[in-house]
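Generate coordinates for the entire structure from the input sequences, incorporating the hints supplied.
Chains as they are written, first to last, in the numbering used here: chain A, 1 to 358; chain B, 1001 to 1258; chain C, 2001 to 2286.
If you are wondering where the hints come from, they were derived from the structure by calculation, not from laboratory data. Predicted, not measured: the structure shown is a model, and the values here were computed from it. Using N, Cα and C, we set each Cβ at its ideal position, and we do this for glycine too. Do not rely on the hints blindly, as some may be mistaken.
As the list claims (entries may be wrong) - Which bits of chain B does chain A cover? Going by a derived footprint, with three or more residues having C-beta under 8 Å, they are:
hint, stretch
1, 1012 to 1025
2, 1103 to 1112
3, 1120 to 1126
As the list claims (entries may be wrong) - Some chain A residues well away from chain B (every beta-carbon gap over 10 Å; in silico):
hint, residue
4, A54
5, E77
6, R79
7, I81
8, G82
9, R173
10, L184
11, L325
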Amino acid sequence: MPDLPYDLELIAVSKSYDENAVVNDVSFAMKKGEFLSLLGPSGCGKTTTLSMIAGFETPTRGEIKIRNERIDDRPPERRNIGMVFQNYALFPHMKVAENIGFGLRMRGTPRAEIAQRVIESARLVKVEHLLDRLPRQLSGGQQQRVALARALIVQPALLLLDEPFGALDRLLREEMQIEVRSLLKRLGITTVFVTHDQDEALSMSDRVAVMFAGNIGQIDMPQALYDSPRTELVAGFIGKATFIPGRLEGDPLRFVSPDGTFDVPATHAPPSSGDATYFLRPEAIRIATNASHYQNEVSGSVIASTFFGDRKMIMVGTPSDQRFLVAVDRSTALEIGAPVRIGWMTAHAALFQGGLRQ
Amino acid sequence: MRTGWGLPLYATFIGFLLLFPLAIVVAVSFDPGVYIRFPVTGFSPRWYVRMWADETIVLSIVNSLIVGFSSSLIGAIVAIPAALAVTHGGRFVKAAVYPFLLSPFAMPWLVYGLGILFFWGLTGLRLSLWTLIVGHTVLAIPYVLRVTLAVLRSMPPNLVRAARVAGASPWQAFRYVTLPYIRSGVTAGVSFALVVSLTNIPVSLFLTTADNITLPVAIFNYMINNFEPLVAAVSAVQVLMIGVIIYAARIVGGVDRA
Amino acid sequence: MGAGGIAIGRRGITILLLPVVAIVTAGYVLPGLVLLVMSFGVVPTRPSWAQFTLEHYERLLGDVYYARIIGYTLFFGLIVATITALIAFPVGYYLARSRSRLTSLYAVVTFTPLAVGMNMLTLGWMVILSRTGFVNSLLTGTGIVTEPLHLLYGWGAVIVGMVHVTFTFMVLPIEAVVRQIDPALEKAARTLGAGPLRTFWEVVLPLSLQGIAAGFLIVFLQVCGAFVLPLLLGGQGFTVVPIAIWEQITVSSDRPFASVLSVTLILVSLIVMMLQLRIARGKDLV
Chain A
1 MPDLPYDLEL IAVSKSYDEN AVVNDVSFAM KKGEFLSLLG PSGCGKTTTL SMIAGFETPT
61 RGEIKIRNER IDDRPPERRN IGMVFQNYAL FPHMKVAENI GFGLRMRGTP RAEIAQRVIE
121 SARLVKVEHL LDRLPRQLSG GQQQRVALAR ALIVQPALLL LDEPFGALDR LLREEMQIEV
181 RSLLKRLGIT TVFVTHDQDE ALSMSDRVAV MFAGNIGQID MPQALYDSPR TELVAGFIGK
241 ATFIPGRLEG DPLRFVSPDG TFDVPATHAP PSSGDATYFL RPEAIRIATN ASHYQNEVSG
301 SVIASTFFGD RKMIMVGTPS DQRFLVAVDR STALEIGAPV RIGWMTAHAA LFQGGLRQ
Chain B
1001 MRTGWGLPLY ATFIGFLLLF PLAIVVAVSF DPGVYIRFPV TGFSPRWYVR MWADETIVLS
1061 IVNSLIVGFS SSLIGAIVAI PAALAVTHGG RFVKAAVYPF LLSPFAMPWL VYGLGILFFW
1121 GLTGLRLSLW TLIVGHTVLA IPYVLRVTLA VLRSMPPNLV RAARVAGASP WQAFRYVTLP
1181 YIRSGVTAGV SFALVVSLTN IPVSLFLTTA DNITLPVAIF NYMINNFEPL VAAVSAVQVL
1241 MIGVIIYAAR IVGGVDRA
Chain C
2001 MGAGGIAIGR RGITILLLPV VAIVTAGYVL PGLVLLVMSF GVVPTRPSWA QFTLEHYERL
2061 LGDVYYARII GYTLFFGLIV ATITALIAFP VGYYLARSRS RLTSLYAVVT FTPLAVGMNM
2121 LTLGWMVILS RTGFVNSLLT GTGIVTEPLH LLYGWGAVIV GMVHVTFTFM VLPIEAVVRQ
2181 IDPALEKAAR TLGAGPLRTF WEVVLPLSLQ GIAAGFLIVF LQVCGAFVLP LLLGGQGFTV
2241 VPIAIWEQIT VSSDRPFASV LSVTLILVSL IVMMLQLRIA RGKDLV
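Written out as structure tokens, the structure reads:
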């Protein structure tokens, strides 16, 4: 659908301070109603990217377009965006109603219409009973709802969320994540969400852009990120995994490591001999029994066991000191130090060379 | 931790000592006698009535109020933008301009008054209320600047960003978000600058003539020349004025910051 | 910054600073320069190099009388700052640590010396210390002394008065610095076997030094520049630099020499301010 305009486009956007590139050639485009997360460790450039979209920072190079209009030279107030901030940034001297209506007031909307729309927005996020309160009289969850209403009331082309759930406790956070996601989907509003919490990003987003050191490492749907990470960095950042350093040797090529020689999984491009990293998700590895047969097997002993309630994870150490993370049945009883054989099917493994998936 | 009785007792004693001279002045101001002595010889509002018949004192009160309000307000008008500039400015502003603007606070006031006297003499302008207003404005700037800056530093930067994203221009963001946020700090700074102006003797001393004399200078002149309870009564009225101003400032400033 | 950023650009900063810099220049820098120029004997209305002379400075340096006045002034500053620090520290500590509701009332009390004005405080101490004042009437009334004591004029009265005047400037930074000391540190010292005094000496005092130093310097500055209270409570013969300046103007009408004394006092202030900036290092303790 080449004719459908994107709600947000970043074209080779870069930002540097005194020669230090903080954001480097970032490009992506979002369709209407899409929910995209910028995920990465602190200092990866996700917040700077968001600041450039909002207009708090000017890109050093590149273009930012909202609904096909270039906006990177406009001040924030002329970009028609809504934003929910970390810690909400509610105006402490204004009542909830004034906070929510602020954007309309700045646009010179008539008083009566503001009052009307404030009530509608407040209903949307279920704070209509709090309109006369001051922000400091609200709980964290209520403050967040008000912040959302304030951002949505102007019917922005784009909604920006800057770590909005960070200040909430775990139970409330999960509840709000579900509610916010379904509300935004219902309204069909295009949303950019910045977070360092991968669970949050994976559970809420249509697509996730994983950022490292100013670059987007991979931008993909959550499941694709987990199942087929394209770089070793992404693979290590998303979820838990086992990485085995070794070499590709022989003809046909086999993966050689101190723990044995394994079959090479199917690759997009033909791999070449040399250094390589073998990659396994915990779910790919099973405990080998006499009845089972896996294409690749390794012996070791249990060195740690962690119970998560719904599942259990053990760490298996081999004589060469390689550690394997294995997801096991929650009822599996294995003592620390017990000898164990583990194995996996080659199809469940992946291979990285030079940091890239082959 | 348990602090025992010693510390509160000591602090109370010191507090008592701090207030004692004020109480004494108020006590002698009601003495009907012609010179200050202790114990007081009676109770009479005589000197409080007398002072309003003294033209110099009445004039000086009016002058002091004009100079005080003008200088502290002008000080605020120039110091608030300066506080914004220091908050957003680079190293030069923070490390050089800011200390420079605070330095009048540390200058010996008498010397500063002398400098203004000589400078005003050069320009050929007559000493007037304006001389005092300019001088006191410079004194007011460090007070307003300091307090405003402290409040601005405590203000989350996201508040202004939130306003801008919501559609506010830079001026609107300042008008509707920053200004209400710093209001109580600014009022505190202004009221303090006003108090400094209303009590300042050394800066005003060389700059006052019969026309532009201020209240504290008038009191000072009386104190040098005689020791009547009138001085105590006028001082008590001055303190009362200051108390009213500080109290009013607390109401105007409000405490609605989160 | 470009139009997109919301930081204030260099031009914006300049515009914001323009009014304040203009007023401070006209009302403060230029008068200071005039004093400096006049201290070298130059008449600023008709300046010429021929007028330039160091004779007024030579007079200051050559006359033991003025050396003594400068010495007195500095000593006066040191002694008052020391006494105020000793008296104010326990109060500052108490205000920082106490959770009593009375402390907010007490905060008002600690502000009174700044708020009520020098004439009020001076007058108060005059009434307390004079021949017919509070102390003497108490002493003679109870028969402890038969003749009134000479309490009012001289070092004692001036020091008492200045300690009172500068009390706020000392208590505020001390309170601020003690607030920053985690009370758990004192508890830790106590559990490790230190008594209250040891804890104070080994933990609280070293951590409070920055606040004490900040207060000390401000008080020192205030005392060196003080004029009204020393003049009225010191009486005849008590001369510090500001009083000397006043006499040069009102009695001798010697403007160049008054300027020399002023420049000297400004130099002292500048040196103390430099020290202050080094100690504060961006922290707002006052």
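Results of checking the hints against the structure:
Beta-carbon proximity to chain A at under 8 Å applies to 0 residues in the stretch 1012 to 1025 of chain B; the threshold of 3 is not reached and the given coverage is violated. Counting residues of the stretch 1103 to 1112 of chain B whose CB lies closer than 8 Å to any CB of chain A gives 0, which falls below the minimum of 3, so the coverage claim is violated. Counting residues of the stretch 1120 to 1126 of chain B whose C-beta lies closer than 8 Å to any C-beta of chain A gives 0; at least three are required, and the coverage claim is violated. Interface exclusion of A/A54 from chain B breaks down, the closest Cβ pair being 6 Å apart, not more than 10 Å.
At the 10 Å boundary, the C-beta of A/E77 falls inside the reach of chain B, the nearest C-beta of that chain being 5 Å off. With a closest Cβ-Cβ approach of about 8 Å to chain B, A/R79 is found to fall inside the 10 Å limit, against its non-interface label. The Cβ of A/I81 does not lie farther than 10 Å from every Cβ of chain B; its closest approach is about 6 Å, which violates its non-interface assignment. With a closest Cβ-Cβ approach of about 7 Å to chain B, A/G82 is found to fall inside the 10 Å limit, against its non-interface label.
No beta-carbon of chain B comes within 10 Å of the beta-carbon of A/R173; the shortest separation is about 20 Å. With a closest Cβ-Cβ approach of about 17 Å to chain B, A/L184 is found to remain outside the 10 Å limit, as its non-interface label requires. With a least CB separation of 39 Å from chain B, A/L325 remains clear of the 10 Å interface cut-off, as annotated.
Hint violations for this structure: numbers 1, 2, 3, 4, 5, 6, 7 and 8, all remaining hints satisfied.
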